[in-house]
Each structure stands twice: as structure tokens, then as C-alpha cells.
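Q: Join these two chains into a complex; the hints should help.
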Amino acid sequence: GAVVSQHPSRVICKSGTSVKIECRSLDFQATTMFWYRQFPKKSLMLMATSNEGSKATYEQGVEKDKFLINHASLTLSTLTVTSAHPEDSSFYICSARGGASDTQYFGPGTRLTVL
Amino acid sequence: KQEVTQIPAALSVPEGENLVLNCSFTDSAIYNLQWFRQDPGKGLTSLLLIQSSQREQTSGRLNASLDKSSGRSTLYIAASQPGDSATYLCAVSKGFKTIFGAGTRLFVKA
Chain V
1 GAVVSQHPSR VICKSGTSVK IECRSLDFQA TTMFWYRQFP KKSLMLMATS NEGSKATYEQ
61 GVEKDKFLIN HASLTLSTLT VTSAHPEDSS FYICSARGGA SDTQYFGPGT RLTVL
Chain A
1 KQEVTQIPAA LSVPEGENLV LNCSFTDSAI YNLQWFRQDP GKGLTSLLLI QSSQREQTSG
61 RLNASLDKSS GRSTLYIAAS QPGDSATYLC AVSKGFKTIF GAGTRLFVKA
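Chains as they are written, first to last, in the working numbering: chain V, 1 to 115; chain A, 1 to 110.
All clues stand as given, with none of them false.
Computed footprint of chain V on chain A, listed as stretches where at least three residues anywhere in the stretch have a Cβ under 8 Å from a Cβ of chain V: (1) 35 to 46; (2) 93 to 102.
Taking lysine-lysine pairs in the DSS-like style, the calculated list, with each CA pair at most 27 Å apart, reads: (3) A:Lys94 to V:Lys64; (4) A:Lys1 to A:Lys68; (5) V:Lys66 to V:Lys55; (6) V:Lys64 to A:Lys1; (7) A:Lys94 to V:Lys42; (8) A:Lys94 to V:Lys41; (9) A:Lys97 to A:Lys68.
Don't read these hints as lab results, they were simulated from the structure. Predicted model, so just to flag it, every value in this text is computed and none were measured. Idealized CB from N, CA, C, for every residue including glycine.
Only chain A is shown next, with the shape it has when bound in the complex (with noise of 0.2 Å):
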């Protein structure tokens, strides 16, 4: 059974920090891990997509690698700003299942 754990929990870091999320899943036959934010009441932002064949992405301020063998990937953010703040779920796929991590929630203090 496949278990998607992320540390830390909770972050608060000062602006302008760059900063690491992680993300461990157990399976490592996935189709694709994503990573999403979750702003207080609201529903899923896709971040970012990378395929198993891929080792990472990048948007923006935002990189995601992904380790298969190791069941690993970081969400790294760049130069934070306090809009960032939210929670980070990162997501394993396999076949028409996603497994959800139970996210690390960022707080970005100006």
C-alpha cells in the first residue's frame, strides 16, 4: 500500500529565505508525483508535474526533483515571499489512484 509522508509538518520561515519541502513515498512504481498548494479554505493549485522518467522541473521560484529509487522529491522555493504561504501537498500516481501526503503548512513572515 502506498504511504506518502511529508516533513516538515509545519515551516515558518522570514522572507527572502529559500527553503526545501519534502516529500517520501514508500511504492516506488509511480506514474507521476505532483506537487500543489492549498491556500486556507480553498481548493488545489497545481505546481508542479514531474513524470517518472523525469528527474525534476522548474517554475519560477519553484524546483521539484524526483528520486524514484530512493521514493524522494523536494519542493524547493526560492527567495520566499509571504504570498507564498500555504499548504504544500505533494501527490504520487499510479494507474487512476493519487495518493495525497498530508502536507506541510508554510508561513512566509514578512
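Next comes chain V alone, as it looks inside the complex (with noise of 0.2 Å):
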């Protein structure tokens, strides 16, 4: 099945620092890939969808400014957190839509800890 790749798996960083996390689909082209939260216990609730060459669309109350999303070919997204705080420490999910039968393919996920 296809794949989606995510990285780093796993960043410790300080508060103030920004962070990049990579999403590749890496066997099919993704036009519209997705970026989703998880707290602790708690389900993925999506942040915001990118389609390649466009700007990303953002869910009600995430700040695009925090969390700059880019999606420059159909293989990459990337979602920069800046100036982390430690309440942005959280699992971050990817996910790329795309493929011969057009579905949802998830990444493996990144364990975000600001410090």
C-alpha cells in the first residue's frame, strides 16, 4: 500500500525555538495533504489542509501564524511550529491524499516536546 513518511519520529526543543516537520508521500502524488493533532487520550483533531501550490486552509482556531504549513510538490508537506511553547508539545500526524484509489494515508506521526 502507499506510504507517507514523517520527520523526525520524535523532537525535544526549547521554548522560543521554531520546528519543521517534513510529511513525503513517498509511492504516489499528493494533492492535498492534511496535518492533525493528538493530545494525550484524546482523538486527532485536524489543524489545517494543504493542496500543493496553494495556500493552506486553516481549522477554526489554529493560528496560521504559529503553525506555517507548506506544500510545495505532490510529495512534501511541511509544517513549521514557530516559536515553540511548551503547550504546543503534542503528536503531530500527517496525512496525504492521493493514489489510484484516492484515500487517506497516514504518516507515522511526530512526538513534539518543548521544553
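A: Laid out in C-alpha cells, this is it:
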């Protein structure tokens, strides 16, 4: 099946720094990618939807200047958490939509810890 | 606004037992429904995908059903094993949006 990778899988950073998370569709072209956030023992919450070559659409309550999303190619989307704070610590999961069946495939997630 | 509810929130069963996880959604106009497994600290593993025109899907010991009109889906796990212990998430999709339930945390005791 289709594979979506995320890098890094785990990152620890100091408060105030920026962190970039990459999401790649390895064997298919993803016209749309999604970024989710998951709090402990909670479900995934959609943060934003990005289409290749255009600006991301953010869900209500998600700060677009805080969470910068770039979808520069059909196989890569990046999420940058700017000026990270401890409350940004979370599990971030991306997904990519595409392939022959136009199914949504999920990445393995990135655990962000902000000290 | 679509809301997805999963019951129970947590479940502990002895090994070998058959079990049913429930998922309900408020808006029946969906494209598909998907069941995922998530191990602690890990990403999502897709288990079964049911298109809106389908009633059920089966994979090994897993069987998922979909009743769109009533807004319900069930995930049936036969002959549960300790390795089935994980959180099971139900998600419904419409257009580009996928809404997840909060999950059912399953623990299968050896």
C-alpha cells in the first residue's frame, strides 16, 4: 500500500525555537495533505488542509502564523511550529490523499516536546 | 457539524473473547468510514475502510459494519489476543475532511 513518512519521528526543543516537520508521500502524488494534532488520550484534531501550490486552509482556532504549512510539491508538505511553547507539545500526524483509490494515508506521527 | 462518538472509551477483556467496538456519527452524508489502530506513542494503522455504498468489510479476525442511515458502525474482533491491545479509532470522511472519534482503548488480558 501507499506509504507516508514523517521526519523527525521525535523532537525535543527549547521554548522559543522553531521546529519543522516534514511529511512525504513516498510512492504516490498527493494533491492534498492534512495535518492533525493529537493530545494525550484524545482523538486527532484536524489543524489544516493543504493543496499543492496553494495556501493551506486552517481549521477554526488554529493560528496560521504559529503553524506554518508549506506544500511545495506533490510529495512534500512541511509544518513549522514557530516560537514553540510547552503547550505546543503534542503528537503531530500528517496524512496524504491520492493514489489510484484516492484514499487518505497517514504518516507515523511526530512527537514534539517543548521544554 | 459532524461528530463521531465511540463507546466504550475503554475495554478490558480476557484473551479469546469476541468483542464489539461501537462508533456513531451525527451526519449520515459520508463518503467512507475507516477503522484505525493506534499503539501507544505511535501513528495510525488503517484496519478497514468501508465506502458509503458498502455494508461491511472483513480482514482476518476483524469485521466492520456500516449502517449509514442510523449513523453507526461496529468493529467486531473475534478471538481477541493480547497483541490486539491498542486504541481503536473510528473516522468518517466527507469530501476532504476526516473526523475522528476519541477512540476505544482495548486491553486484552493473557
